[in-house]
Amino acid sequence: MVLCYVDNVLNKSLTNENFPFFSIYFRIQTRMKNSYDIIVIGAGHAGIEATVSSARMGMKVGLITMDLNAIGRLSCNPAIGGTAKGHLVKEIDALGGVMGILADRSGIQFKMLNRSKGPAIWSPRCQSDKEVYSKEATKLILSYENIEVIQDMVKKLIVDDTNGDGVNKPKHIIKGVKTESGIYITCKSVIITTGTFLNAVMHTGRNQTLGGRIGEKSATGLSECLMKLGFKTGRLKTGTPPRLDINTIDFDKTVPAPGDEVLLPFSFRTKTGFPFLQQVDCHLTYTNHKTHEELRKGFSDSPMFSGRIKGTGPRYCPSIEDKVNRFSDKPRHQIFLEPETLNGNTIYMNGFSTSLPLEVQETAARTIPGLENVRIVKQGYAVEYDFFPTWQVNATMETKLIEHLYTAGQINGTSGYEEAAAQGLIAGINSVLKLRNQPPFILKRSEAYIGVLIDDLINKTPEEPYRMFTSNAEYRLVLRQDNADIRLMKYGNSLGLIEDEYIKILDGKLDLIKAGLDFAKANTLSPRQVNTYLNEIGSSDISSGEFISNLVRRNSVSLKEILHLADFTGQEKLREHLLSDENTLSQIEIELKYDGYIKRMHEQIKNFERNESINIPPDFNYDKIQSLSAEGREKLNSIRPTTLGQAMRISGVRTTDVSALMIFMRG
1132 MVLCYVDNVL
1142 NKSLTNENFP
1152 FFSIYFRIQT
1162 RMKNSYDIIV
1172 IGAGHAGIEA
1182 TVSSARMGMK
1192 VGLITMDLNA
1202 IGRLSCNPAI
1212 GGTAKGHLVK
1222 EIDALGGVMG
1232 ILADRSGIQF
1242 KMLNRSKGPA
1252 IWSPRCQSDK
1262 EVYSKEATKL
1272 ILSYENIEVI
1282 QDMVKKLIVD
1292 DTNGDGVNKP
1302 KHIIKGVKTE
1312 SGIYITCKSV
1322 IITTGTFLNA
1332 VMHTGRNQTL
1342 GGRIGEKSAT
1352 GLSECLMKLG
1362 FKTGRLKTGT
1372 PPRLDINTID
1382 FDKTVPAPGD
1392 EVLLPFSFRT
1402 KTGFPFLQQV
1412 DCHLTYTNHK
1422 THEELRKGFS
1432 DSPMFSGRIK
1442 GTGPRYCPSI
1452 EDKVNRFSDK
1462 PRHQIFLEPE
1472 TLNGNTIYMN
1482 GFSTSLPLEV
1492 QETAARTIPG
1502 LENVRIVKQG
1512 YAVEYDFFPT
1522 WQVNATMETK
1532 LIEHLYTAGQ
1542 INGTSGYEEA
1552 AAQGLIAGIN
1562 SVLKLRNQPP
1572 FILKRSEAYI
1582 GVLIDDLINK
1592 TPEEPYRMFT
1602 SNAEYRLVLR
1612 QDNADIRLMK
1622 YGNSLGLIED
1632 EYIKILDGKL
1642 DLIKAGLDFA
1652 KANTLSPRQV
1662 NTYLNEIGSS
1672 DISSGEFISN
1682 LVRRNSVSLK
1692 EILHLADFTG
1702 QEKLREHLLS
1712 DENTLSQIEI
1722 ELKYDGYIKR
1732 MHEQIKNFER
1742 NESINIPPDF
1752 NYDKIQSLSA
1762 EGREKLNSIR
1772 PTTLGQAMRI
1782 SGVRTTDVSA
1792 LMIFMRG
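Numbers 1132 to 1798, taken from the working numbering, label the letters of the sequence shown in order.
Just so you know, these hints were derived from the structure itself, not from any lab.
None of the values given here were measured: they were computed from a predicted structure.
Misleading hints may appear alongside valid ones.
Once the Cα atoms are required to be at most 30 Å apart in a straight line, the calculated DSBU-like pairs of lysine-lysine come out as [said to hold, decoys possible]:
1. LYS1287 <-> LYS1441
2. LYS1565 <-> LYS1575
3. LYS1737 <-> LYS1645
4. LYS1441 <-> LYS1248
5. LYS1286 <-> LYS1359
6. LYS1402 <-> LYS1635
7. LYS1248 <-> LYS1287
8. LYS1248 <-> LYS1565
9. LYS1591 <-> LYS1755
10. LYS1302 <-> LYS1575
11. LYS1645 <-> LYS1302
12. LYS1441 <-> LYS1348
13. LYS1640 <-> LYS1621
14. LYS1755 <-> LYS1248
15. LYS1286 <-> LYS1461
16. LYS1635 <-> LYS1645
17. LYS1359 <-> LYS1309
18. LYS1565 <-> LYS1645
19. LYS1640 <-> LYS1755
20. LYS1461 <-> LYS1287
21. LYS1359 <-> LYS1384
22. LYS1565 <-> LYS1319
23. LYS1441 <-> LYS1286
24. LYS1621 <-> LYS1737
25. LYS1640 <-> LYS1724
26. LYS1441 <-> LYS1461
27. LYS1621 <-> LYS1565
28. LYS1509 <-> LYS1575
29. LYS1704 <-> LYS1621
30. LYS1248 <-> LYS1724
Make a model of the complete structure from these sequences and hints.
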């Protein structure tokens, strides 16, 4: 159901003209009392996952958004996944989240990145039709009877005081929210997923406009409320490139960048034969010396270089002016031209994020091959917004100051749809579990990229937008995107987010993997059977029979080709199943090729988990340990680690601090 509160301040509505594919019911009132189990503030990617997971776990959820037409909006790059981010999407899906499903429904180009490298960093990505993605997200949310969508802006949190100190026990407990329309809504839990909208300011050249996206206003009041309640805040910055008129681009002067011929879905729940959307090419071009000259002409008007932007931007996704300034020796930079929709005329200029004046953006763009006559239909701009450093939250995403208040997404200092969605899912799950008085759900960094993400946020408390990379995960060889279902799907099932039918499919897959591994380790090929193939791929002959498992460990040897040569007498069904299941076959091959590395990594994980099993009492007094460094004591007191392993990972806590802590705990 959609609740659209209308007054003279907020009078937008969602109509059947906007979304003709479902019925919508309105209850229009200027003031109304409502009560929900959980309120989610913000309908971006974190908000979607928090809302759907909470609802599927049986809660009545109120989703509050400033714009009903912006649910799931791909406000920057209309793409899902990418290096390491694709791992997060696969894990979200394995736990029962919806980002992978929405990506499959809206994808217009699918591609597995890093295929030329090791399987640990293979990462799925899809270009999405941004209009389809948003419509599918809205349709999905409104399909749940226990979700109500409210168009309004939350200005204030309603809390009761407790006897807590805000360190060992929260100072407050959430009771509800007050909106811009003057409505009080009571609830048992609140999840804030406001993205880049808190006190947001957009910058283009010397122009400043309040808002988190072009045409959308800034969210005001909530930051000030949180600060009055004791939260510390900071400012971050992100940016977006211009959108181009497709009809003014000469694609003959660019290099086509097609997707994969075989489309691999994100979701483990997307069935074979799923009708994907029409697939399209992206295109590659490059900046040049002339481009850089034109960009430099605008540096004096740059809000970043002039100091008008105070917030820290993402180091690994710099603006084009920052790239030209920092890497002045580079003669060119890649520009990917990516369609935003199948039916629209806009192209996303990936690699050209900028906040320079519009006239500079257009002049510089026209020096790039293929863009000589280009027309910019939407300017690039930077957004500066409030965030709340993550030493103020627990691993459940619950804040330390206010019980039953959770934060997820860019409010926690992350960048990217995928990082936001992962946090929203964990926040939604844990808000429900706490209301049920059940143990929290916390993934270790040895179990999932999601665990790495949240562990890094809490213990490293990044001061710039955090972006997930495969290099962040020290156990990445066992945290591959292809085995996310094996690692996490049974968790999703236990939480009620993954249906039993998918567990049966998973069990069948596990049985097939075991049978394939056993066959490879127990069966040999003779020189007569395999040497011709080995010669063809430039690998050395064998002089006597060799186990299939040993042959597959050779770099250039394909398990699929080897199985075509093997004798399956009496095991014909196994042969049929293995050769017809590319995904499972790939996993068996990876397990065989990297067997030694994987075993060593599992030993490292055992050592990691030993330290994770040493608990630190929640009320531990670090001030009693005189030998702690000043920075170590400060970090330990603010983060309050729950285990020795976590204490070891806190940025600023030295090895000597950990040793002193261990000695004190033993004594």
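Right, here's what the structure says about each hint:
no.: 1; hint: LYS1287 <-> LYS1441; verdict: holds (26 Å)
no.: 2; hint: LYS1565 <-> LYS1575; verdict: holds (19 Å)
no.: 3; hint: LYS1737 <-> LYS1645; verdict: holds (23 Å)
no.: 4; hint: LYS1441 <-> LYS1248; verdict: violated (38 Å)
no.: 5; hint: LYS1286 <-> LYS1359; verdict: holds (13 Å)
no.: 6; hint: LYS1402 <-> LYS1635; verdict: holds (14 Å)
no.: 7; hint: LYS1248 <-> LYS1287; verdict: violated (49 Å)
no.: 8; hint: LYS1248 <-> LYS1565; verdict: violated (42 Å)
no.: 9; hint: LYS1591 <-> LYS1755; verdict: holds (24 Å)
no.: 10; hint: LYS1302 <-> LYS1575; verdict: holds (28 Å)
no.: 11; hint: LYS1645 <-> LYS1302; verdict: violated (52 Å)
no.: 12; hint: LYS1441 <-> LYS1348; verdict: holds (20 Å)
no.: 13; hint: LYS1640 <-> LYS1621; verdict: holds (13 Å)
no.: 14; hint: LYS1755 <-> LYS1248; verdict: violated (50 Å)
no.: 15; hint: LYS1286 <-> LYS1461; verdict: violated (47 Å)
no.: 16; hint: LYS1635 <-> LYS1645; verdict: holds (15 Å)
no.: 17; hint: LYS1359 <-> LYS1309; verdict: holds (15 Å)
no.: 18; hint: LYS1565 <-> LYS1645; verdict: violated (38 Å)
no.: 19; hint: LYS1640 <-> LYS1755; verdict: violated (53 Å)
no.: 20; hint: LYS1461 <-> LYS1287; verdict: violated (49 Å)
no.: 21; hint: LYS1359 <-> LYS1384; verdict: violated (56 Å)
no.: 22; hint: LYS1565 <-> LYS1319; verdict: holds (10 Å)
no.: 23; hint: LYS1441 <-> LYS1286; verdict: holds (24 Å)
no.: 24; hint: LYS1621 <-> LYS1737; verdict: holds (21 Å)
no.: 25; hint: LYS1640 <-> LYS1724; verdict: holds (19 Å)
no.: 26; hint: LYS1441 <-> LYS1461; verdict: holds (27 Å)
no.: 27; hint: LYS1621 <-> LYS1565; verdict: holds (20 Å)
no.: 28; hint: LYS1509 <-> LYS1575; verdict: violated (42 Å)
no.: 29; hint: LYS1704 <-> LYS1621; verdict: holds (27 Å)
no.: 30; hint: LYS1248 <-> LYS1724; verdict: holds (14 Å)
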